[in-house]
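J.: The lines below spell out each chain.
Protein chains: 2
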Amino acid sequence: MNAVLPSRSVGSRSGSSSVFRTAARMEEMRPSAIREILKVTEAPGVISFAGGLPAPDLFPTAAVARAAAKILAEDGPAALQYGTTEGFNPLREWVRAHLAATVGHSVTPDRVLVTHGSQQGLDLVSKVLIDPGDPVLVENPCYLGALQAFRSYQADVIGVRTDAGGLLPDALEETLATAARRPKFLYIIPNFQNPTGVSLSAGRRAEIARIAAAHELPVVEDDPYGLLRFSGESPAALSAEVGMRDWIYLGTASKFLAPGLRVAWLVSSDSRIHERLVTAKQTADLHTSALSQRLVWECVRSPETLAAHVGRLRAVYASRRDAMLDALARYLPEGCSWTRPAGGLFIWVALPALLDATALLRRATEQRVAFVPGEPFWVGAPKRNTLRLNFSNASESRIEEGIARLSRLIGSTPNSPGLMSFKTKLTRSA
Amino acid sequence: MNAVLPSRSVGSRSGSSSVFRTAARMEEMRPSAIREILKVTEAPGVISFAGGLPAPDLFPTAAVARAAAKILAEDGPAALQYGTTEGFNPLREWVRAHLAATVGHSVTPDRVLVTHGSQQGLDLVSKVLIDPGDPVLVENPCYLGALQAFRSYQADVIGVRTDAGGLLPDALEETLATAARRPKFLYIIPNFQNPTGVSLSAGRRAEIARIAAAHELPVVEDDPYGLLRFSGESPAALSAEVGMRDWIYLGTASKFLAPGLRVAWLVSSDSRIHERLVTAKQTADLHTSALSQRLVWECVRSPETLAAHVGRLRAVYASRRDAMLDALARYLPEGCSWTRPAGGLFIWVALPALLDATALLRRATEQRVAFVPGEPFWVGAPKRNTLRLNFSNASESRIEEGIARLSRLIGSTPNSPGLMSFKTKLTRSA
Numbered sequence: 001m002n003a004v005l006p007s008r009s010v011g012s013r014s015g016s017s018s019v020f021r022t023a024a025r026m027e028e029m030r031p032s033a034i035r036e037i038l039k040v041t042e043a044p045g046v047i048s049f050a051g052g053l054p055a056p057d058l059f060p061t062a063a064v065a066r067a068a069a070k071i072l073a074e075d076g077p078a079a080l081q082y083g084t085t086e087g088f089n090p091l092r093e094w095v096r097a098h099l100a101a102t103v104g105h106s107v108t109p110d111r112v113l114v115t116h117g118s119q120q121g122l123d124l125v126s127k128v129l130i131d132p133g134d135p136v137l138v139e140n141p142c143y144l145g146a147l148q149a150f151r152s153y154q155a156d157v158i159g160v161r162t163d164a165g166g167l168l169p170d171a172l173e174e175t176l177a178t179a180a181r182r183p184k185f186l187y188i189i190p191n192f193q194n195p196t197g198v199s200l201s202a203g204r205r206a207e208i209a210r211i212a213a214a215h216e217l218p219v220v221e222d223d224p225y226g227l228l229r230f231s232g233e234s235p236a237a238l239s240a241e242v243g244m245r246d247w248i249y250l251g252t253a254s255k256f257l258a259p260g261l262r263v264a265w266l267v268s269s270d271s272r273i274h275e276r277l278v279t280a281k282q283t284a285d286l287h288t289s290a291l292s293q294r295l296v297w298e299c300v301r302s303p304e305t306l307a308a309h310v311g312r313l314r315a316v317y318a319s320r321r322d323a324m325l326d327a328l329a330r331y332l333p334e335g336c337s338w339t340r341p342a343g344g345l346f347i348w349v350a351l352p353a354l355l356d357a358t359a360l361l362r363r364a365t366e367q368r369v370a371f372v373p374g375e376p377f378w379v380g381a382p383k384r385n386t387l388r389l390n391f392s393n394a395s396e397s398r399i400e401e402g403i404a405r406l407s408r409l410i411g412s413t414p415n416s417p418g419l420m421s422f423k424t425k426l427t428r429s430a
Numbered sequence: 001m002n003a004v005l006p007s008r009s010v011g012s013r014s015g016s017s018s019v020f021r022t023a024a025r026m027e028e029m030r031p032s033a034i035r036e037i038l039k040v041t042e043a044p045g046v047i048s049f050a051g052g053l054p055a056p057d058l059f060p061t062a063a064v065a066r067a068a069a070k071i072l073a074e075d076g077p078a079a080l081q082y083g084t085t086e087g088f089n090p091l092r093e094w095v096r097a098h099l100a101a102t103v104g105h106s107v108t109p110d111r112v113l114v115t116h117g118s119q120q121g122l123d124l125v126s127k128v129l130i131d132p133g134d135p136v137l138v139e140n141p142c143y144l145g146a147l148q149a150f151r152s153y154q155a156d157v158i159g160v161r162t163d164a165g166g167l168l169p170d171a172l173e174e175t176l177a178t179a180a181r182r183p184k185f186l187y188i189i190p191n192f193q194n195p196t197g198v199s200l201s202a203g204r205r206a207e208i209a210r211i212a213a214a215h216e217l218p219v220v221e222d223d224p225y226g227l228l229r230f231s232g233e234s235p236a237a238l239s240a241e242v243g244m245r246d247w248i249y250l251g252t253a254s255k256f257l258a259p260g261l262r263v264a265w266l267v268s269s270d271s272r273i274h275e276r277l278v279t280a281k282q283t284a285d286l287h288t289s290a291l292s293q294r295l296v297w298e299c300v301r302s303p304e305t306l307a308a309h310v311g312r313l314r315a316v317y318a319s320r321r322d323a324m325l326d327a328l329a330r331y332l333p334e335g336c337s338w339t340r341p342a343g344g345l346f347i348w349v350a351l352p353a354l355l356d357a358t359a360l361l362r363r364a365t366e367q368r369v370a371f372v373p374g375e376p377f378w379v380g381a382p383k384r385n386t387l388r389l390n391f392s393n394a395s396e397s398r399i400e401e402g403i404a405r406l407s408r409l410i411g412s413t414p415n416s417p418g419l420m421s422f423k424t425k426l427t428r429s430a
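Top to bottom, those sequences are chains Z and G.
Just so you know, we're using our numbering here: the first sequence kicks off at 1 and counts up by one.
Just so you know, we're using our numbering here: the second sequence kicks off at 1 and counts up by one.
The shape of chain Z in the complex, shown without the other chains (with noise of 0.2 Å):
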């Protein structure tokens, strides 16, 4: 065996000079745009809304310290080595009871699967439910991360309408009406949505539920921030509801704890699609670490110490909210409208209509404050004056800084073509 010669044709090569062919799913992958632009406002000096980001002052730093100090030493063999895929048998526990105890879901510890984080429970959702060109609904606008979960799997994503209450009833009834063929799930965050801040209501958690039922819709409900409450009573999940059929629950400890650990956990109403979603996310890779979800639980199972956390947590994030209301309040121009969200860590802004969000954040860098703007979040048709701001990472005095540069940003160019949208441009010139 000496000198090797291919020995048929090798097929035609693409333009790159890789050899590489990728996936047809990698067509729904492209990197973000919005991606881009953002890295450019990563400068010094700026004011960002624009991350999902928890207040990092606010991180129990020292109690992970303890705890680590803590499990290494009392435990550290079994911390570091390979563990199983359905995770910390003690965090698993903890899991079902406090879901128990928080959002009226009864189900055995061994129904909770723990992942690196809820965005790998809803690649692992995706994975065992969608089939290329299934459709799947969603609020519209709908959190980008679970946009990009389902289009990788090759979802047609189906937004339905939304008013200031959140998803519409209605409007999730006709579209299950005319949908060519029946949903996978509905997709939904009812609790200070991502990226709106909206919640919904009991009567509408209700009708969605029965709505489900009625059609055998499964509901996907993601619960990140229902613990960040700054005021009311906390509801039970959409999917406890009563009639409520089959369901997936995600919950997570990024928004409460810290999102570097990457512990979330899901749990799910059907035995079997559990066992599916184990064995998906043993291929996806094998277990969540060992030592972050020993970390977790040692830093949660103190109720006291635990309750004493999400207290200041919400103490300082509705301080941080209400100095964003006022801020909104006192300096955006005539024609903005914005949400008043009870807890979480968003306020979703509408401009005047003929604002594009996307081309003001390319001249953010100018009064150095950044934002996300609405439009990826938008399935079809964007609102192109819509953009998300984040009250959760940023000091009081620098929200209301930011603000007023973005005011600032918005006030000196009001006219600018540049910043109106290509729709309003022909609506305005037809």
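Mixed in with the good hints, there may be bad ones.
Identical copies carry no separate label here, and so any pair may be met within one copy or between two of them.
[To be verified] Okay, derived cross-link-like pairs now, SDA-like style, lysine to any residue, Cα gap no bigger than 25 Å in a straight line: (1) Lys39 with Pro77; (2) Lys383 with Thr358; (3) Lys383 with Glu174; (4) Lys70 with Thr84; (5) Lys39 with Glu93; (6) Lys383 with Ala342; (7) Lys39 with Trp94; (8) Lys39 with Tyr82; (9) Lys70 with His309; (10) Lys70 with Thr305; (11) Lys70 with Pro56; (12) Lys70 with Leu58; (13) Lys383 with Arg362; (14) Lys70 with Asp57; (15) Lys383 with Gly51.
Just so you know, these hints were derived from the structure itself, not from any lab.
Please build the complex by placing chain G on the supplied structure of chain Z, with the hints as guidance.
T.: This is chain G only, laid out in the frame that chain Z set:
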């Protein structure tokens, strides 16, 4: 809007009472029967050679504890906050330098993607490259987790013949010549392969590289065990061979540091594929745990400390390999053969042709010893008389006792019909 009734037929329901409908790919992702059998062998008193587990007593637990204290004291907020998808930059720079020093790859740090274990790397590679039905070439037998990842994206996995020296270049050439469609890539573990422990010679590496280049066949090289070489010189990566065209190389901290941290990396020859892998990673889980990445970096950044640690692992694992080879020679009955790896974690055993290792495992609790039968590692017709033994996890005395038990298990039932494979029985009765 009140009572809501289904407005159209909801289509047929499956036999299950669940309204979930799973994706077609889940037909390829059935939970492993072997995994279920292995659960039974987790009983106390069982000596297990089944897992690919590093020795937990050799984990640098104290060093990880010191690193955790330092990171959380000096850089706590960043270690607990969201990070970039590509990974923690100092770790990426370390990977660049490490690969240049150990396997001959010269890449820039921006070509390094940190993953949540190499299993995630395999999942991302599959997601980016595999369309349903795409041929993918693997060594036969092949690492089970890779088979699962490729099949989860509905690849047509084609096994290429191997012998005691690993992948046969002639067989690769023949497979490429007869494949109905050009394979998307060749997946290969050139050092201390899982499951066989076999390494490729310099001659075979050169031949495989030449064949891959001639056929424009990208090579996905998985190298989790390369640092665990007990004797001889470490060769450059297969993907660093002269003339190699496009490749992806996967490395990991799991085997030389600690698998429970779930920190691995991949590098690739092509910037476009790198970008696609980053996009896939962002969709899969946003990024790898920020704390875990910093822990790994703190533990590997001193070359002297790392060399001392790896030296200790090599010495202990070499002794354990020797203990297992000695015990196999002493205890196993006539007609058995096995590999003699120069590193890694595994020895591959061929029992007499009449014996079925899967059937043997079902009775393994009788002798309180566990292993992984060869069956699931094979593509196509399995050699049922094969099995994989891990030598890194148990002490030398436990290894000797475990192999004695294994030989009793084999010896006690050499002619039991239940232990014979179906194929073998057919042959005998013919």
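J.: Are the CA atoms of lysine 383 and glycine 51 at most 25 Å apart within a copy, between copies, both, or neither?
T.: within (20 Å within a copy, 53 Å between copies)
J.: Within a copy, between copies, both or neither: which one fits lysine 70 and aspartate 57 at a CA-CA cutoff of 25 Å?
T.: Classified as both; 23 Å inside a copy, 17 Å across copies.
J.: Quick one: lysine 70 to histidine 309, C-alpha cut-off 25 Å, is that within a copy, between copies, both, or neither?
T.: For lysine 70 and histidine 309, both the intra-copy (20 Å) and inter-copy (23 Å) Cα distances are at most 25 Å.
J.: From the Cα coordinates, with 25 Å as the cut-off, is the pair lysine 383 and alanine 342 best called within, between, both, or neither?
T.: within (24 Å within a copy, 62 Å between copies)
J.: Regarding lysine 70 and threonine 84, is the shortest C-alpha distance of 25 Å or less found within a copy, between copies, in both, or in neither?
T.: Within one copy only: 21 Å inside, 29 Å across.
J.: Given identical chains, is lysine 70 near proline 56, meaning Cα to Cα at most 25 Å, within a copy, between copies, both, or neither?
T.: Both ways: lysine 70 and proline 56 sit 23 Å apart in one copy and 17 Å across, limit 25 Å.
J.: At most 25 Å between CA atoms: does that hold for lysine 383 and glutamate 174 within a copy, between copies, both, or neither?
T.: within (21 Å within a copy, 57 Å between copies)
J.: Tell me, please, which holds for lysine 39 and tyrosine 82 at an alpha-carbon limit of 25 Å: within, between, both or neither?
T.: between (36 Å within a copy, 15 Å between copies)
J.: When no copy is specified for lysine 39 and glutamate 93, does a C-alpha distance of 25 Å or less occur within a copy, between copies, both, or neither?
T.: between (40 Å within a copy, 20 Å between copies)
J.: If the cut is 25 Å between Cα atoms, do lysine 383 and arginine 362 qualify within a copy, between copies, both or neither?
T.: within (17 Å within a copy, 61 Å between copies)
J.: Evaluate lysine 383 and threonine 358 at a C-alpha cut-off of 25 Å and name the case that applies: within, between, both or neither.
T.: within (11 Å within a copy, 60 Å between copies)
J.: Evaluate lysine 39 and proline 77 at a C-alpha cut-off of 25 Å and name the case that applies: within, between, both or neither.
T.: Intra 40 Å, inter 20 Å, cutoff 25 Å: inter-copy only.
In this structure, none of the earlier numbered hints is contradicted; all agree with it.
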